[in-house]
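Undergrad: For chain A, the structure is supplied; the task is to place chain B with the ligands on it using the hints.
One line per chain: the protein sequences are A and B, in this order.
If you want our numbering, it's the 1-based position in the first sequence plus 204.
If you want our numbering, it's the 1-based position in the second sequence plus 2.
Hints are computed from structural coordinates only; laboratory data are not their basis.
Computed from a prediction, not measured in an experiment: that's the story for all the values here.
Virtual Cβ for every residue (Gly too), placed ideally from N, Cα, C.
A portion of the hints provided could be inaccurate.
[As the list claims (entries may be wrong)] Derived DSSO-like pairs: lysine-lysine, alpha-carbon spacing no greater than 30 angstroms straight-line:
1. B:Lys278 to A:Lys526
2. A:Lys526 to A:Lys405
3. B:Lys278 to A:Lys543
4. A:Lys525 to A:Lys543
5. A:Lys581 to A:Lys543
6. A:Lys454 to A:Lys405
7. A:Lys543 to A:Lys526
8. B:Lys278 to A:Lys405
9. A:Lys454 to A:Lys581
[Said to hold, decoys possible] Some, not all, of what chain B presents toward chain A, calculated at C-beta under 7 angstroms:
10. Arg201
11. Ala202
12. Arg203
13. Ala210
14. Ser213
15. Asn214
16. Ala216
17. Val217
18. Tyr220
19. Ser221
20. Asn222
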Amino acid sequence: MTAEQVLCLRDVRKSFGPVEVLHGVNLDLRAGEVLALIGENGAGKSTTMKILAGYQPATSGRILLEGEEVTFGSLHDGEEAGIVMIHQEFNLAEQLTVEQNIFLGRELRRGPFLDKRKMRELTRGYLDRVNCRVDPDTKVSALSNSDKQMVEIAKALSRDARVLIMDEPTAVLTGSETEVLFDQVRRMTAQGTAVLFTSHKLGEVAEIADHVTVLRDGSVVHDDRASEITEDGMATAMVGRDVSDLYPAKVGRPGEVMLSVRGLTVPGHARNVGFELRQGEILGVAGLIGAGRTEAFEGLCGLRPASAERIEIAGREVTIKKPRDALDHGLCYLTEDRKLRGLLLDKTMRVNLTLQALDRFGGWMIDRAAEDRALDKAIDEFDIRAGRRTMAVGNLSGGNQQKLLLAKIMQSEPAILIADEPTRGIDIGTKQQIYAFLRDLAAKGHAVVVISSEMQEVIGLADRVLVMRTGEVAGTLTGDELTEDAIVRLAVGLGANDKEKVA
Amino acid sequence: MTAETTNTRARRSLPSMSVLGPIVALVVLVAIGAMMNSNFLGAANITNVLARSAFIGIIAVGMTFVITAGGLDLSVGSMAAFIAGLMILVMNAALPSMGVGVPIILLGMLVAVVAGILAGLLNGFLITTVGIEAFIVTLGTMGIYRSLVTWLADGGTLSLDFGLRTFYRPVYFEGILGISWPIIVFAIVVIVGELLMSRARFGRHCAAIGSNEAVAHYSNVDVNRTRLLTYAMLGLLVGVATIMYVPRLGSASASTGLLWELEAIAAVIIGGTVLKGGFGRVWGTVIGVLILSLIDNILNLTDLVSPYLNGAIQGVIIILAVILQREAKAKG
Ligand SMILES: Nc1ncnc2c1ncn2[C@@H]1O[C@H](COP(=O)(O)OP(=O)(O)OP(=O)(O)O)[C@@H](O)[C@H]1O
Ligand SMILES: [Mg+2]
Numbered sequence: 205m206t207a208e209q210v211l212c213l214r215d216v217r218k219s220f221g222p223v224e225v226l227h228g229v230n231l232d233l234r235a236g237e238v239l240a241l242i243g244e245n246g247a248g249k250s251t252t253m254k255i256l257a258g259y260q261p262a263t264s265g266r267i268l269l270e271g272e273e274v275t276f277g278s279l280h281d282g283e284e285a286g287i288v289m290i291h292q293e294f295n296l297a298e299q300l301t302v303e304q305n306i307f308l309g310r311e312l313r314r315g316p317f318l319d320k321r322k323m324r325e326l327t328r329g330y331l332d333r334v335n336c337r338v339d340p341d342t343k344v345s346a347l348s349n350s351d352k353q354m355v356e357i358a359k360a361l362s363r364d365a366r367v368l369i370m371d372e373p374t375a376v377l378t379g380s381e382t383e384v385l386f387d388q389v390r391r392m393t394a395q396g397t398a399v400l401f402t403s404h405k406l407g408e409v410a411e412i413a414d415h416v417t418v419l420r421d422g423s424v425v426h427d428d429r430a431s432e433i434t435e436d437g438m439a440t441a442m443v444g445r446d447v448s449d450l451y452p453a454k455v456g457r458p459g460e461v462m463l464s465v466r467g468l469t470v471p472g473h474a475r476n477v478g479f480e481l482r483q484g485e486i487l488g489v490a491g492l493i494g495a496g497r498t499e500a501f502e503g504l505c506g507l508r509p510a511s512a513e514r515i516e517i518a519g520r521e522v523t524i525k526k527p528r529d530a531l532d533h534g535l536c537y538l539t540e541d542r543k544l545r546g547l548l549l550d551k552t553m554r555v556n557l558t559l560q561a562l563d564r565f566g567g568w569m570i571d572r573a574a575e576d577r578a579l580d581k582a583i584d585e586f587d588i589r590a591g592r593r594t595m596a597v598g599n600l601s602g603g604n605q606q607k608l609l610l611a612k613i614m615q616s617e618p619a620i621l622i623a624d625e626p627t628r629g630i631d632i633g634t635k636q637q638i639y640a641f642l643r644d645l646a647a648k649g650h651a652v653v654v655i656s657s658e659m660q661e662v663i664g665l666a667d668r669v670l671v672m673r674t675g676e677v678a679g680t681l682t683g684d685e686l687t688e689d690a691i692v693r694l695a696v697g698l699g700a701n702d703k704e705k706v707a
Numbered sequence: 003m004t005a006e007t008t009n010t011r012a013r014r015s016l017p018s019m020s021v022l023g024p025i026v027a028l029v030v031l032v033a034i035g036a037m038m039n040s041n042f043l044g045a046a047n048i049t050n051v052l053a054r055s056a057f058i059g060i061i062a063v064g065m066t067f068v069i070t071a072g073g074l075d076l077s078v079g080s081m082a083a084f085i086a087g088l089m090i091l092v093m094n095a096a097l098p099s100m101g102v103g104v105p106i107i108l109l110g111m112l113v114a115v116v117a118g119i120l121a122g123l124l125n126g127f128l129i130t131t132v133g134i135e136a137f138i139v140t141l142g143t144m145g146i147y148r149s150l151v152t153w154l155a156d157g158g159t160l161s162l163d164f165g166l167r168t169f170y171r172p173v174y175f176e177g178i179l180g181i182s183w184p185i186i187v188f189a190i191v192v193i194v195g196e197l198l199m200s201r202a203r204f205g206r207h208c209a210a211i212g213s214n215e216a217v218a219h220y221s222n223v224d225v226n227r228t229r230l231l232t233y234a235m236l237g238l239l240v241g242v243a244t245i246m247y248v249p250r251l252g253s254a255s256a257s258t259g260l261l262w263e264l265e266a267i268a269a270v271i272i273g274g275t276v277l278k279g280g281f282g283r284v285w286g287t288v289i290g291v292l293i294l295s296l297i298d299n300i301l302n303l304t305d306l307v308s309p310y311l312n313g314a315i316q317g318v319i320i321i322l323a324v325i326l327q328r329e330a331k332a333k334g
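If we strip away everything but chain A, and leave its shape as in the complex, we get (with noise of 0.2 angstroms):
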């Protein structure tokens, strides 16, 4: 089967400045098919869909709409065209209302005036059809980020898309969510969308793609139907060696308790939370998004206000006020949200990295030297690939931040680690690093918090994963009990018994 080719990339060549990051991509989006987009962090995906869309030119090579040559002056050619475009990063405007940026720049009008009731009447139609509960007039600053992301998809609905290409949309969704999503998807294929998509989670890729494309440093390496190709091919494709030993053996033998904390509450967000932490361990936490897991550690690090009954670090009673306390006892919290936490996007990556570990680098004063050698040694050791040392971070592709991020936080050399998302959009080679690094550091005996939304991660990483429920600690899973069904039960509530209903 062929389907009608929509849209094509040719030979598509894309530098910035003095690197070339696209060497000749060949890419065909057919009507009614999804094509995934695969390849590592800088691979040169999110590059190569922007050409698509027509946020960025090419630097040579051809862009075929139905067989015709096009170039896209400017975004609205894009759109015009019927393409729309998912961002790897959100592309809403954070002060407007949910409705608002549905319609933004295509405000319905009735004579001169806004037609108010129709636009809400439609929003609420586009929300409903990806079953998300926000209400239309909310600001987009307070949503969470996979409401932010539903958001986007219904935006992205309301557009009538001929061609829809989304970049990592499932990075910030829960699982029931990509299933509403792809459910989408499977609704727009049929009425003859033509779907471009890239994702970090290969099962997705095997579920919903029907092509799959892979990327390497910039070139295609494998374009084939997808059922040609195994979840495990893709890996090897995608990095070029075998990753099937994704998580590391473990090994640890906890040790003393380094943290303990009792009756931690973060008004609105968490209540009553308590865990114990040891020495070599990596503790996991799960639950579903707005389980208050974020905030709960936030509110631990002094990051938010909250309070505890008691905490305790290496068996003394500390009082944890601002980041300066928290890291003044060794703990360290790493964001879930590298774009508008993590990282200064207009800075380079030196200033990045040691930010918050400023005092490590000379006096008042800051020894540079100091540290551009930590800027090599982290470009080593987290293998980050950045075309030039001086570029803005923002620049860099979203993995590659991730790992400058991780690289950061480990300036400070915590010795109690809470990374939230870790591997959040990075890709598998690179996802086997970061949990031999974090495994790695466990053994030389520092403690791991982990939290994380995807299930097999902790349980494929952590030693012991702490469960929370609408703010509260439902309970803590160990060894064989450690399963994803244990998980989602204590996740969503049920008692042991009743196993029906386990989304």
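TA: Frame of chain A; chain B with the ligands shown alone:
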């Protein structure tokens, strides 16, 4: 591992337009001035231009930090007027007991410095701890200080006692090795400011806060304290500028320091600091101040364009500066 991170010599290559722009503009202005009037490059005129630049310059250095950290201070002009009034009142009042001499001058300086820091802390406190927009807070304090000085002067002028004035005058008009005090102080403030901005932790923290406050907070930067410090530092520098300014006229009135805030902000922006924060450079601000004073100076020395058009030309330069910055940014 083909896509290696390369350590190119980009940093050593040709500086970008945003760096060159202000420097080129300054050079062009100097060339125009020199062509138009033979006295322009004379020591007397240069000293005059620099000394006049010093007040705004000292304040603008402080403003660079405030703006870099994502803030703004509209109150500096009227703060200067208020501090000048206060200094004069205190010194006049202390005259009978202390007599003319160094101690009373030092007392006046102490008053200026302390009042400046307090005024800056007040702005900073309202902005950081209370959480009101910087624009609103400093618009408010701008009105308050301006009206206080008018009230202190009872609508007229506060004048320093004649004997004191004669004794204090050298602080503006004399110096060491023919360089007058305001210029020396300005130079010191600039050097310290530049080091603080580009080399010290404080400057890095200011830029981080202006670039993204949340990231700074999550990176263990004490956002409120750093912001508060920028306002306090600006207040201190307003005090220092006033110390240099009072001996020049020996008086303060409702029109002292009028529009200084706008000139200081303009100088900062012309110098390449980003108005919405995140990036600042002190040496740029110095160039900005010099550009503004040179325009004024050239218009006064030549009769090509009416000096009344000074404001218009400055306005054009400010807008041009911002356009240049934007183009530089678009090119990456
Ligand atoms: N504006 C830019 N300036 C300079 N380099 C850039 C720019 N945008 C992207 N790059 C570089 O191009 C390469 C490809 O980046 P791209 O974002 O397409 O990767 P990606 O495959 O989407 O990776 P990820 O999975 O991490 O999102 C990277 O090396 C990146 O650093
Ligand atoms: Mg990408």
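Undergrad: Run the distance test for Lys526 of chain A versus Lys405 of chain A: straight-line Cα separation, threshold 30 angstroms.
TA: This hinted pair is violated, its Cα atoms lying about 36 angstroms apart.
Undergrad: Given the proposed pairing of Lys278 of chain B with Lys405 of chain A, does the C-alpha separation stay at or below 30 angstroms?
TA: With Cα atoms ~38 angstroms apart, Lys278 of chain B and Lys405 of chain A exceed 30 angstroms; violated.
Undergrad: For the pair supplied as a hint, Lys525 of chain A and Lys543 of chain A, confirm whether the alpha-carbon distance does not exceed 30 angstroms.
TA: Holds, at roughly 25 angstroms.
Undergrad: Min Cβ distance, Ser221 of chain B to chain A: is it shorter than 7 angstroms?
TA: OK, holds: Ser221 of chain B within 7 angstroms of chain A, min 4 angstroms.
Undergrad: Can you verify the interface hint for Ser213 of chain B: is its Cβ closer than 7 angstroms to any Cβ in chain A?
TA: Holds, because the Cβ-Cβ distance from Ser213 of chain B to chain A comes to roughly 5 angstroms (cut-off 7 angstroms).
Undergrad: Do the alpha carbons of Lys278 of chain B and Lys543 of chain A lie within 30 angstroms of each other, as the hint requires?
TA: Roughly 18 angstroms between the alpha carbons, so the hint for Lys278 of chain B and Lys543 of chain A holds.
Undergrad: Given a cut of 7 angstroms on the nearest C-beta pair, is the interface hint for Asn214 of chain B held or broken against chain A?
TA: Because about 6 angstroms separates Asn214 of chain B from the closest Cβ in chain A, which is inside the 7 angstroms limit, the hint holds.
Undergrad: Is the interface hint satisfied for Arg201 of chain B? The criterion is a beta-carbon contact with chain A at less than 7 angstroms.
TA: holds (5 angstroms)
Undergrad: Does Lys526 of chain A sit within 30 angstroms of Lys278 of chain B, going by the straight-line distance between their CA atoms?
TA: holds (27 angstroms)
Undergrad: Does the interface hint hold: is Ala210 of chain B within less than 7 angstroms of chain A, judged Cβ to Cβ?
TA: Holds - the Cβ of Ala210 of chain B comes within 7 angstroms of chain A, reaching about 6 angstroms at its closest.
Undergrad: Hint check: is the beta carbon of Arg203 of chain B less than 7 angstroms from a beta carbon of chain A?
TA: Constraint on Arg203 of chain B satisfied, holds at 5 angstroms.
Undergrad: Tell me if Ala202 of chain B is really an interface residue toward chain A, meaning its C-beta lies closer than 7 angstroms to one of theirs.
TA: This hint holds: Ala202 of chain B lies near chain A, its Cβ roughly 5 angstroms from the closest one there, short of 7 angstroms.
Checked against the numbered hints given earlier, this structure breaks hints 2 and 8; the rest are met.
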